[in-house]
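If you're matching them up, the sequences are chains A and B in order.
Counted from 1, the first sequence has number 6 at position 6 by the working numbering; the numbering is strictly sequential.
Counted from 1, the second sequence has number 212 at position 212 by the working numbering; the numbering is strictly sequential.
Derived by calculation from the structure, the hints in this document are not laboratory data.
Be aware that a few hints might be false.
Unchecked claim - Ranges of calculated distance between the beta carbons of each label pair, as one might list FRET restraints:
no., chain 1, residue 1, chain 2, residue 2, range
1, B, Y248, A, Y311, 26 to 32 Å
2, B, G219, A, F206, 44 to 50 Å
3, B, Y218, A, A335, 23 to 29 Å
4, A, D310, B, L326, 52 to 58 Å
5, A, P192, B, K224, 48 to 54 Å
6, B, Q304, A, G338, 54 to 60 Å
7, B, S253, A, A335, 34 to 40 Å
8, B, G161, A, L118, 50 to 56 Å
9, A, G110, B, L46, 43 to 49 Å
Stated by the list, open to error - Each computed DMTMM-like pair below joins lysine to aspartate or glutamate, with the alpha-carbon atoms no more than 25 Å apart:
no., chain 1, residue 1, chain 2, residue 2
10, B, K324, B, E24
11, B, K333, B, D50
12, B, K131, A, E220
13, B, K324, B, D339
14, B, K131, B, D211
15, B, K224, B, D211
16, B, K324, A, E220
17, B, K131, B, E204
18, A, K229, B, D328
Beta carbons: idealized from backbone N, C-alpha and C, even for Gly.
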Amino acid sequence: MTSLLHPSEKSSAATERSYADHARPLWQRILITRESAVVVALVAVILYASATVPFFDRPITMTYLLLDVTPILLIALPMTLIIITGEIDLSVASTLALASVLFGVLYDAGMPITVAALLALLAGLVAGCLNGFLVTVVGLPSLAVTIGTLALFRGIAVGLLGTTAITDFPDAWTDWASDRIGGGDVPQVMIPFVVLAIAFIVLLHFTPFGRGIYAIGQNETAARFSGVKVVRTKMILFALAGLVSAAAGIYYTLRYGSSRGDNANGLELQVIAAVLLGGVSIFGGRGALPGVIAGVLLIGVIASALRLADYTADVINIVTGLLLVASVASPALLAWIGRRRRPRSAATTPGD
Amino acid sequence: MSTAVAAEPASTRSRLKSLLQARETGIMLAFLIVLGTATAINPNFLFSSDGWRDLFLTPSILVVLAVGQAMVIITRNVDLSVGSVLGLTAFVTGRLFVGAPGLPVFVVVLAGIGVGVLLGLINGLLVAYAKAPALVITLGTLYVYRGVMLSWAGSDRINAGDIPSSFLSFGTSSVLGIPSLAIVSFVVLAVAAVCLRDLRGGREFYALGSDPSASVLYGLPVVKRTLIAFAASGGLAGLAGVMYVARYGTISSGAGLGMELEAVGAAVIGGVAIFGGSGTVLGAAIGAYLLTTINRGLPILGIQDFWQRAVVGLLIIGAIVLDKVLADRQHRKLMAERD
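Turn these sequences into a full structure, and let the hints steer you where they fit.
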């Protein structure tokens, strides 16, 4: 009962995939995927916007785009792994706020800023472990658990600071959060992000641990019987999500120079939207990190282009929502069109 | 005759026993404890006319949302768009009052509910025909509906002056000491409870939620039920939007923001299992009462209301842990009986 999917659809989807995939030549299997579709869409939007939207091709646009999407980029990494196992974590933005508030409160209380940052990271780790404990050891559905901890962590963050904000952080730290590499156009914060992204890509795509993540998402029972340590894997993933969210919280605090209880309110939905847009299946067992990174950047680029073209945030909301719906609805729509064009020729699945 | 008399105490006893074991009793008890504690510290919490009114008035909108949400969750779906639907229908209602002042109030109310049903149907159609999970679809429409409302509303907001005073006075009026809006929510609750308990269609919601593939094999109208569940949730969110206008008079862009999680939280606290197939709308409604009453009670207990969301989070986690413990115990008991 850990998957968000009806069992019947899951098994049929799995069988379809494993046969159809290997029926095609290698180059098709590599190039014609959900992930490359997102990358193509990203490149197309960038080219189109550079040609039509004034100022979009300026380097400063990219700098601010990257600075703005960094929290989403960071949190999307562990979120991808969690969704591939068939679980979900809605509490990430609340963990971000909790870390941000603790960082601010501890620093304000006279603690050295490094210690405050480390304690905030530790709090994120504990928060992630609490999620992991409730999901794996107690055996509760992650959707319900993390709706609970979403309220709990945000509640503690708001409770600690009320409506006040802490804003007096040392300049050296706040400058670091928006400085560029060597005075160029790429923000410095991309360095830790790229390191982290490579670590996550290696972890997911090139280690037995990563194969275990896919196995859990495909069929948890089968994974357990083939020796995947399901409880340990999920525990580690939720802990990582807490830790990375806390790191994003510290970055968020420094970037905007403000530690507040309502920091990044609702960010969890943006992260999940970006991950799903990047080709990760909400049913688990499917998806890849390069696609997710492209998905986050795609939403960021569209938002930034629309903003430069003088559209307001509401249009960006509509576009994000439509993209998300279209990305999950399009396979069914294409299959439906295919069935109409070739009636009776395609094999029908039983019980469909 | 004598057998009937003899049988009666046994049936009342078993009825009493099932009442005590019901999931709703526990949550009701929690609600009464919160109410009792707050009242013991400050009698005005319950016994002043304002306190009595707020007890019923404050939760009424969330009750309507939670009832709709419970219906969707019972079919093993979820509707994250209700907060945005509430905002959009509240805005439609307000615009109709401003743009067509001559329109009778009940037409405006029906229009608000109708828009809600339409938005719910869009969710339902996408979920049923695109075979996509409700979580993703309604997350998408959450953004779209909110975006439509914002781009339509722009920066203008609707104020109490634009709304007919008869409609606003309905929002604050009472019948026999019970606020009218609370009566609306009770009617919604009663109708939904009867439909889910006694009607064939309602029972099919539970069947669909407990085992979707079995429902398909059994020949239940799965698509139709999914559409009805989402249309009902949308329509109730529409009604909640209309109630929002009656209650507050002003509609800003933030109307209903984040309400979806409160509605899901109320349903989960009230014992509606997140994977469908069990729970009642009554439980969800009591969950909504518990949430809002805690919110109002915290300052009286000497806790700053900033901590309210933390308490709500603990409650949700406590409720699902309790459900899990109860389910495990039931499972063990059944296993023991079988052996």
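Just to be sure I understand the hint, the distance between the Cβ atoms of G161(B) and L118(A) should be within 50 to 56 Å; is that true here? holds (54 Å)
Is the Cα-Cα distance between K333(B) and D50(B) 25 Å or less? violated (48 Å)
Straight-line alpha-carbon gap K131(B) to E204(B), limit 25 Å: The given pair, whose Cα atoms are some 19 Å apart, holds under the 25 Å limit.
Agreement of K131(B) and D211(B) with the hint, judged by alpha carbon distance not exceeding 25 Å: Roughly 16 Å separates the two Cα atoms, so the pair holds.
Go ahead and decide if the range 43 to 49 Å is satisfied by the Cβ distance of G110(A) to L46(B). Given about 45 Å between the Cβ atoms, the range holds.
Is the Cα-Cα distance between K324(B) and D339(B) 25 Å or less? holds (23 Å)
Supplied distance hint 48 to 54 Å, evaluated on CB atoms of P192(A) and K224(B): holds (52 Å)
Measuring from beta carbon to beta carbon, are D310(A) and L326(B) in 52 to 58 Å? holds (56 Å)
Taken at face value, is the distance from the CA of E220(A) to the CA of K131(B) at most 25 Å? holds (22 Å)
With respect to the beta-carbon atoms only, verify the hint that S253(B) and A335(A) lie 34 to 40 Å apart. holds (38 Å)
Supplied distance hint 23 to 29 Å, evaluated on CB atoms of Y218(B) and A335(A): holds (25 Å)
Can you tell me whether the CB distance of G219(B) to F206(A) sits inside 44 to 50 Å? Given range 44 to 50 Å: holds, Cβ gap about 47 Å.
Checked against the numbered hints given earlier, this structure breaks only hint 11.
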